[in-house]
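Participant: The listed protein sequences derive, respectively, from chains A and B. Using the working numbering, count along the first sequence one by one with no gaps and you end on 147. Using the working numbering, count along the second sequence one by one with no gaps and you end on 351.
If you're looking for bench data, these hints aren't it; they were derived computationally from the structure. Ideal Cβ positions, reconstructed from N, Cα and C, are used throughout, including at glycine. Hints should not be assumed to be uniformly reliable.
What the hints assert, rightly or not - Under 8 Å between C-beta atoms, here's a sample of chain B residues computed to sit facing chain A: (1) M278; (2) L282; (3) Y285; (4) G290; (5) V297; (6) G300; (7) Q334; (8) V336; (9) E339; (10) F342; (11) G343; (12) P344; (13) G345.
Said to hold, decoys possible - Only pairs whose alpha carbons sit at most 27 Å apart, straight line, appear in this in silico BS3-like list of lysine-lysine: (14) A:K146 with A:K79; (15) A:K39 with B:K246; (16) A:K39 with A:K93; (17) A:K93 with A:K104; (18) A:K39 with B:K281; (19) B:K246 with A:K79; (20) B:K251 with B:K294; (21) B:K294 with A:K79; (22) A:K79 with B:K281.
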Amino acid sequence: QKEVEQNSGPLSVPEGAIASLNCTYSDRGSQSFFWYRQYSGKSPELIMFIYSNGDKEDGRFTAQLNKASQYVSLLIRDSQPSDSATYLCAVSDNNNDMRFGAGTRLTVKP
Amino acid sequence: NAGVTQTPKFRILKIGQSMTLQCTQDMNHNYMYWYRQDPGMGLKLIYYSVGAGITDKGEVPNGYNVSRSTTEDFPLRLELAAPSQTSVYFCASSQGQAVLSEQYFGPGTRLTVT
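Take these sequences, add in the hints, and give me the full structure.
Facilitator: Okay, structure coming up:
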């Protein structure tokens, strides 16, 4: 069974702090890794994706991938109350199979 | 562009009834997907399509059927609804293969089977 695991939270951080969201996956053949944000009652929307080991930065967001440890993370710098949402980690290991974690609920307190 | 649209937004079905969830995209994407999301859980892939006339099973296809007669439309059919199919259903599309592409999601259909 191909598993994608996330800490369900809730994770609470003060405004302006760094939020760190973590995800582990079981399939060593996984090739691409996505972070989606989902506001309550809404559909997921892509934050960023990463394919290669290391860090990838996009504005206040940084994705980190370590394939040897089967671990991917998302850092949110200068967290804002508008970042309060559930963050879904998704992993793809072949052309069209996509596995999602259950998500981590983040609350940013003003 | 409307993106990905889904109808209906909400539906209550009785056990044993059937229904079709509609999904349409106007981005000319070849790839389309159906997911279900149970409370507190991640999305699970039901079926996907790589183009008109081509569909394939995902992780949880039992109890569902799909068809893809046009690039724009990808309806999901529930036959003999069961309480276990109570969920939120999301349709998505992408320009390329899932492993390489962002997926664009519709607003979802909240289905309750009682």
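Participant: Could you run down the list of hints and mark each one as holding or not?
Facilitator: Verification of the hints:
1. M278: holds (5 Å)
2. L282: Hint on B:L282: holds, closest Cβ of chain A at ~6 Å, below 8 Å.
3. Y285: holds (5 Å)
4. G290: Status violated, d = 16 Å.
5. V297: violated (11 Å)
6. G300: violated (20 Å)
7. Q334: holds (5 Å)
8. V336: Check passed: Cβ of B:V336 comes within 4 Å of chain A, closer than 8 Å.
9. E339: With a minimum Cβ separation of about 5 Å from chain A (threshold 8 Å), the hint on B:E339 holds.
10. F342: holds (4 Å)
11. G343: For B:G343, the interface hint holds, since the closest Cβ of chain A sits about 6 Å away, which is under 8 Å.
12. P344: holds (6 Å)
13. G345: Given a least distance of 6 Å, the restraint on B:G345 holds.
14. A:K146 with A:K79: holds (21 Å)
15. A:K39 with B:K246: Not satisfied, since the Cα-Cα distance of roughly 31 Å exceeds 27 Å.
16. A:K39 with A:K93: holds (25 Å)
17. A:K93 with A:K104: holds (14 Å)
18. A:K39 with B:K281: holds (12 Å)
19. B:K246 with A:K79: Holds, at about 12 Å.
20. B:K251 with B:K294: holds (25 Å)
21. B:K294 with A:K79: Holds. B:K294 to A:K79 sits at ~25 Å (cutoff 27 Å).
22. A:K79 with B:K281: Between A:K79 and B:K281 the Cα gap is close to 16 Å, so the pair holds against 27 Å.
In terms of the numbered hints stated before, the structure departs from hints 4, 5, 6, 15, listed from lowest to highest.
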